[in-house]
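Asker: What follows is the residue order along each chain.
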Amino acid sequence: MDVKFAIDLEHVVRIYRRDEFEVRALDDVTIQVPEGRFVAIMGPSGSGKTTMLNLIAGIDHATSGRVSVGGEEITGMKERDLAAWRARHIGLIFQFYNLIPVLTAFENVELPLLLTPLDKAERREHVETALRIVGLADRMDHYPRQLSGGQEQRVAIARALVTDPTIVVADEPTGDLDAKSAEEILNLLTDLNRQFNRTIVMVTHDPRAERFVDTVYRLDKGILVGIEDGKGGPARAESAQAQA
Amino acid sequence: MKYVALVLKNLTRSRRRTILTIFSIAVSLFIFSALVSLPAVANQVLADSASSERIVCHNKAGLAYAMPEAYKQRIAATPHVVAVTPESWFGGVYHEVSDQFPNLAVDPDTAEAMWPDWGVSKEAWKKFETLRTACLVGPGTMKRFHLHVGQQIILRGTMYPLNLTLDIVGVMRGGSAPPNFLIFRRDYLEEAAGRPGLVDVYWVRVDSSVDVPRVITALDREFANSSAETRSESETAFIGSFMDNFRTFFRLAEILGFIVVLTIGLVAANTAAMSIRERRAEIAVMRSIGFPSGTILGLLLSESLIIGLAGGIIGCGAAFIVLKIFTVGAVALGPLSDIRMPPSILAETLVVAALIGLASAWVPARAAARQNIVDALRMVA
Ligand SMILES: Nc1ncnc2c1ncn2[C@@H]1O[C@H](COP(=O)(O)OP(=O)(O)OP(=O)(O)O)[C@@H](O)[C@H]1O
Ligand SMILES: [Mg+2]
Numbered sequence: 001m002d003v004k005f006a007i008d009l010e011h012v013v014r015i016y017r018r019d020e021f022e023v024r025a026l027d028d029v030t031i032q033v034p035e036g037r038f039v040a041i042m043g044p045s046g047s048g049k050t051t052m053l054n055l056i057a058g059i060d061h062a063t064s065g066r067v068s069v070g071g072e073e074i075t076g077m078k079e080r081d082l083a084a085w086r087a088r089h090i091g092l093i094f095q096f097y098n099l100i101p102v103l104t105a106f107e108n109v110e111l112p113l114l115l116t117p118l119d120k121a122e123r124r125e126h127v128e129t130a131l132r133i134v135g136l137a138d139r140m141d142h143y144p145r146q147l148s149g150g151q152e153q154r155v156a157i158a159r160a161l162v163t164d165p166t167i168v169v170a171d172e173p174t175g176d177l178d179a180k181s182a183e184e185i186l187n188l189l190t191d192l193n194r195q196f197n198r199t200i201v202m203v204t205h206d207p208r209a210e211r212f213v214d215t216v217y218r219l220d221k222g223i224l225v226g227i228e229d230g231k232g233g234p235a236r237a238e239s240a241q242a243q244a
Numbered sequence: 245m246k247y248v249a250l251v252l253k254n255l256t257r258s259r260r261r262t263i264l265t266i267f268s269i270a271v272s273l274f275i276f277s278a279l280v281s282l283p284a285v286a287n288q289v290l291a292d293s294a295s296s297e298r299i300v301c302h303n304k305a306g307l308a309y310a311m312p313e314a315y316k317q318r319i320a321a322t323p324h325v326v327a328v329t330p331e332s333w334f335g336g337v338y339h340e341v342s343d344q345f346p347n348l349a350v351d352p353d354t355a356e357a358m359w360p361d362w363g364v365s366k367e368a369w370k371k372f373e374t375l376r377t378a379c380l381v382g383p384g385t386m387k388r389f390h391l392h393v394g395q396q397i398i399l400r401g402t403m404y405p406l407n408l409t410l411d412i413v414g415v416m417r418g419g420s421a422p423p424n425f426l427i428f429r430r431d432y433l434e435e436a437a438g439r440p441g442l443v444d445v446y447w448v449r450v451d452s453s454v455d456v457p458r459v460i461t462a463l464d465r466e467f468a469n470s471s472a473e474t475r476s477e478s479e480t481a482f483i484g485s486f487m488d489n490f491r492t493f494f495r496l497a498e499i500l501g502f503i504v505v506l507t508i509g510l511v512a513a514n515t516a517a518m519s520i521r522e523r524r525a526e527i528a529v530m531r532s533i534g535f536p537s538g539t540i541l542g543l544l545l546s547e548s549l550i551i552g553l554a555g556g557i558i559g560c561g562a563a564f565i566v567l568k569i570f571t572v573g574a575v576a577l578g579p580l581s582d583i584r585m586p587p588s589i590l591a592e593t594l595v596v597a598a599l600i601g602l603a604s605a606w607v608p609a610r611a612a613a614r615q616n617i618v619d620a621l622r623m624v625a
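Protein sequences appear in the order of chains A and U. In terms of the working numbering, the first sequence opens at residue 1 and continues consecutively. In terms of the working numbering, the second sequence opens at residue 245 and continues consecutively.
These are computed hints drawn from the structure, not numbers from a lab. Among the hints, a few may not be true.
What the hints assert, rightly or not - To give a feel for the contact side, a few chain A residues facing chain U, derived at Cβ under 10 Å:
no.	residue
1	A84
2	R86
3	F94
4	I100
5	L114
6	T166
7	D171
8	N187
To be verified - Derived DSS-like pairs: lysine-lysine, alpha-carbon spacing no greater than 30 Å straight-line:
no.	chain 1	residue 1	chain 2	residue 2
9	A	K120	U	K246
10	A	K120	U	K371
11	A	K78	U	K246
If you're wondering where the values come from, they're calculated on a predicted model, not measured in any experiment. All C-beta atoms, glycine included, are put in the ideal place defined by N, C-alpha and C.
Produce the complete structure using the sequences and hints provided.
Answerer: Take a look at the structure:
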């Protein structure tokens, strides 16, 4: 209990009701991820990976159980507070980048900063730093359609880290990219994790991803079926209390 | 403030759609403001031109029926009356039958006392009193037929089988003067027409507006049970009754204006719904980044508000300019030719524009701002 976890899920259940059917998208999942880890959630399609990520990111609500992120329990938060909480603590990366097409790379990255009290000059500084980290300082004024998929995803990563979030969550960030770009993105995420000690949770189908991460959480039909060391680093296997 | 750029950028998302929406709103508000202006303008003309000390006395049976000349003395003898001017409608045309404009004959001796507010110079009034063929002309008619002071013109009678040669001695420039009237001397008309001795309207000036009701009652009582009973009314009421002929038309114009606005409002709502629906995933992304629903709603409504107001400003501006041009061009409309858009209508139109903007986007924007983030994200993934 003394250890502060970046992510702490306790007996989390997420049930979707569709008409009279119930889908147990996540079934009694308990995990604890220490700060500074780069972890992957893997599993077959429909196994609940996105659901788990959304719960961690505070954009979905658990049906039962407790979700704590960065030491703060978000399970009972009201939508308004939760939005403010996300702005401060979560950096989101999506499979399809989801950049705003009418905004330049610079403006896309600046977007989350609009929610902070930073003034224009400070925002510019942060955005430039973030874009430099992802290697796109020279593409600031490009619009998404003028960028390649890999570049778009790097802009999305810059957007996710510009607010200096507690954790970065990524849903299949390489899912739409060719092998070379995917490799670049995984390297970039690894750097972020190593150099800036960012906690990163990534959903992926990509077997190559295992090489990069510390820990892999395996889901099947909503159930946590395994916790494995990734090849990226030794998993400190503490307190991974998969249900027996 | 920092959101302004975001709102403006979103408006450029589909430039053609934004421009088309702005223009359809502009066209509808152009029509709306022009139509809604009509009654307001008419009332404004009424307020401008009617004197509170003038009474109109006409035959109780209607304006088409005349009264005997002899009434003049009896009216003049009524307490509080300071001037009486008999008037006869001539209904002549200049050159062509289509060249119609109001022309009427009045007694020259009291005309100046009756209409000091018509902006006729002292010399012109003097000439009007001394020259039998003199006439005074409103600026609209002067312009329409390219007339000038000193010119001799011939009016062809339509109700009277005779033509009159008239000399223009002055222009009625006053703000309350009817801009397209022509007045000439009744004694000249009487003589040319063989002294029928009939009067269409008696204009009566009283010493103070408070006496108007008293004089009206006195006059109508004076001529009760005679062969030509009279109906007297204040000038305001008299011009107002002319306006009454237009009221149904005004009502219709107003209703039409609202229907046009409603129609475009629905079209704008459809467009807004479409454009917001296309962006549901983007909006979900912004929410997931941490933008509160209220901010999203504000951004979407601002976009729509800007579109509405832009349309309103263009539409209003166009109506304002067109009405101005129309005023200069159309002198045959009588008092209505003095059309200018009242500021209240400008304000009203802009409010309607803002409402179109807000109302058209309200439902889809609210739905988008409150949508389930996860569901909306799933639509793209
Ligand atoms: N809003 C929803 N309504 C109903 N069922 C849902 C909803 N969202 C997810 N599900 C169901 O929950 C289960 C888990 O979905 P989830 O998206 O988490 O899977 P996933 O592991 O991310 O799959 P994929 O690899 O295809 O992205 C699936 O069976 C899915 O159909
Ligand atoms: Mg998924």
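Asker: Each of the hints needs a verdict: does it hold here or not?
Answerer: Comparing the hints with the structure gives:
With a cut of 10 Å, the hint placing A:A84 at the interface with chain U holds, because the nearest CB-to-CB distance is about 7 Å. Using the Cβ-Cβ criterion of 10 Å, the hint placing A:R86 at the interface with chain U is satisfied: the shortest such distance is roughly 4 Å. Look at A:F94: its Cβ gets to within about 7 Å of chain U, closer than 10 Å, so that hint holds up. A least Cβ separation of about 6 Å between A:I100 and chain U falls short of the 10 Å threshold, and the interface hint therefore holds.
Among the interface hints, the one on A:L114 holds; its C-beta lies about 5 Å from the nearest C-beta in chain U, closer than the 10 Å criterion. This hint is violated: A:T166 has a C-beta 13 Å from the nearest C-beta of chain U, more than the 10 Å allowed. A cut of 10 Å between beta carbons decides the hint on A:D171: the least distance to chain U is about 7 Å, and the hint holds. This hint is violated: A:N187 has a C-beta 24 Å from the nearest C-beta of chain U, more than the 10 Å allowed.
Of the supplied pair hints, the one linking A:K120 and U:K246 holds, its CA atoms being roughly 8 Å apart against a limit of 30 Å. Among the hinted pairs, A:K120 with U:K371 is inconsistent with the structure: their alpha-carbon atoms are about 76 Å apart, more than 30 Å. In summary, the hint linking A:K78 to U:K246 is supported, as the alpha carbons are separated by about 26 Å, within the 30 Å threshold.
Of the numbered hints given earlier, the model fails hints 6, 8, 10; all others are met.
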